[in-house]
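Chains A and B supply the protein sequences, listed in that same order.
Each residue of the first sequence is one higher than the one before, counting from 1 in the working numbering.
Each residue of the second sequence is one higher than the one before, counting from 1 in the working numbering.
Think of the hints as simulated: they come from the structure by calculation, not from any bench.
These numbers come from a predicted model, not from an experiment.
Please note: incorrect hints may appear among the correct ones.
Unchecked claim - Quick list of in silico lysine-lysine cross-link-like pairs, DSS-like style, CA-CA up to 30 Å:
hint, chain 1, residue 1, chain 2, residue 2
1, A, 187, B, 30
2, B, 19, A, 16
3, B, 56, A, 50
4, B, 30, A, 16
5, A, 8, A, 50
6, A, 187, B, 10
Said to hold, decoys possible - Okay, the calculated bits of chain B under chain A, using three or more residues with CB under 8 Å as the criterion:
hint, segment
7, 8-22
8, 26-32
9, 53-64
We treat Cβ as the ideally placed atom computed from N, Cα and C, and that holds for glycine.
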Amino acid sequence: MDIIQLEKPLQELSNKISELKSASQQAVLSQDKNCDQKALQAEIDGTEKKFTALANELFSNLTCYQIAQISRHPNRPYTLDIISQLCTDFIELHGDRNFMDDQSIITGIGVFKGRRVAIIGHQKGRNTKENMRRNFGMSRPEGYRKALRIMNMAERFQLPILTFIDTPGAYPGMDAEERGQSEAIAKNIMVMSRLCVPIITVVVGEGGSGGALAIGVANRVLMMEYSIYSVISPEGCPKK
Amino acid sequence: MLFPPKAALKNKIIDEIIKEPAGGAHWHQKEAINSIGVAVEKHLDQLLKLNKEQLKEDRIKKFFEMGPVKSMPAISPFRREKSTLNPAWEESWEEVEKFSFLTK
Chain A
1 MDIIQLEKPL
11 QELSNKISEL
21 KSASQQAVLS
31 QDKNCDQKAL
41 QAEIDGTEKK
51 FTALANELFS
61 NLTCYQIAQI
71 SRHPNRPYTL
81 DIISQLCTDF
91 IELHGDRNFM
101 DDQSIITGIG
111 VFKGRRVAII
121 GHQKGRNTKE
131 NMRRNFGMSR
141 PEGYRKALRI
151 MNMAERFQLP
161 ILTFIDTPGA
171 YPGMDAEERG
181 QSEAIAKNIM
191 VMSRLCVPII
201 TVVVGEGGSG
211 GALAIGVANR
221 VLMMEYSIYS
231 VISPEGCPKK
Chain B
1 MLFPPKAALK
11 NKIIDEIIKE
21 PAGGAHWHQK
31 EAINSIGVAV
41 EKHLDQLLKL
51 NKEQLKEDRI
61 KKFFEMGPVK
71 SMPAISPFRR
81 EKSTLNPAWE
91 ESWEEVEKFS
101 FLTK
């Protein structure tokens, strides 16, 4: 069953919760004395409990393909969301010093909970215009070379590296192949396995093939509950 | 070939599954990101205690232990005279060297 249909009852409950919350906020702002705040709060809590119970029931046994569909949901956290919530003093670094700046990989240095770190991660867009700019999270070689530059810099300054994977795969277009896609990925894997700083990888959404491995050779690989890690995107190798 | 988290954990491809709030991360983004932060912080503190050589060895060991095959040959850029990680790799390496014409 398609995941969007599966989630319809959750969507209704979520709408109800947001409506109730806005109603209670309006009552506070307008100082409405007829409105019973406690009853409203109790209803919100009840609906939230219902939401949790229903979600646990629906998500208890999902198929692989349903997990793959959840991992592509546009409201899931992307690298920039994670950085803006967990890191302070983040400075994004652009360009691979050779060809151009690839927008589908975010690189930079920042402070993560009091520790200086280098951060690398794929970034997708939430609407069509942004997705065109980010190339749907599929990186070209210059993106991987940019990541390589940051890794070398992190080793020089002894910064731990955090990477966040969320890509359908490396970009397979003609321009990418002309500039040496496979060489860029291979070199990334080679250099990453020899770095002498801690590397931690989190698979946030879908982790597809070389695109994921190029920044995924790490001491610790963590994975979100509804994410996938595969040798190719699921539609790439269908069985007959 | 496609690894949902449980299968990946079983095959030692990943180290930990980060729990998401009920209904997945797309309903409660902030809680999901917080749980990422907690998990990453825990592992980062463990790794910061290791020195440079230990970190390299730790990474190689992790990748050699992946999957069902237990005695992997030590085809590694860090291969020394004797492997410090797993003596079984040395034996399997000798088997590979018999077929060294394949690698040339």
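For each hint, the structure was consulted:
Taking the CA atoms of residue 187 (chain A) and residue 30 (chain B), the gap is about 35 Å. The hint is violated against a cut of 30 Å. Using a Cα cut-off of 30 Å, the hinted pair residue 19 (chain B) and residue 16 (chain A) holds, with the two alpha carbons roughly 25 Å apart. Taking the CA atoms of residue 56 (chain B) and residue 50 (chain A), the gap is near 48 Å; set against the 30 Å cutoff, the hint is violated. Taking the CA atoms of residue 30 (chain B) and residue 16 (chain A), the gap is about 20 Å. The hint holds against a cut of 30 Å.
Distance hint between residue 8 (chain A) and residue 50 (chain A) is fulfilled; the C-alpha atoms sit about 14 Å from each other, no more than 30 Å. With a CA separation close to 29 Å, the supplied pair residue 187 (chain A) and residue 10 (chain B) stays within the 30 Å bound. Residues of the segment 8-22 of chain B lying with their CB closer than 8 Å to a CB of chain A number 11, which satisfies the three-residue condition for coverage. Given a C-beta distance limit of less than 8 Å, the hint that chain A covers the segment 26-32 of chain B holds, as 5 residues qualify and 3 suffice.
Counting residues of the segment 53-64 of chain B whose CB falls under 8 Å from any CB of chain A gives 8; the rule of at least 3 is met.
In this structure, the hints that do not hold are numbers 1, 3, in rising order.
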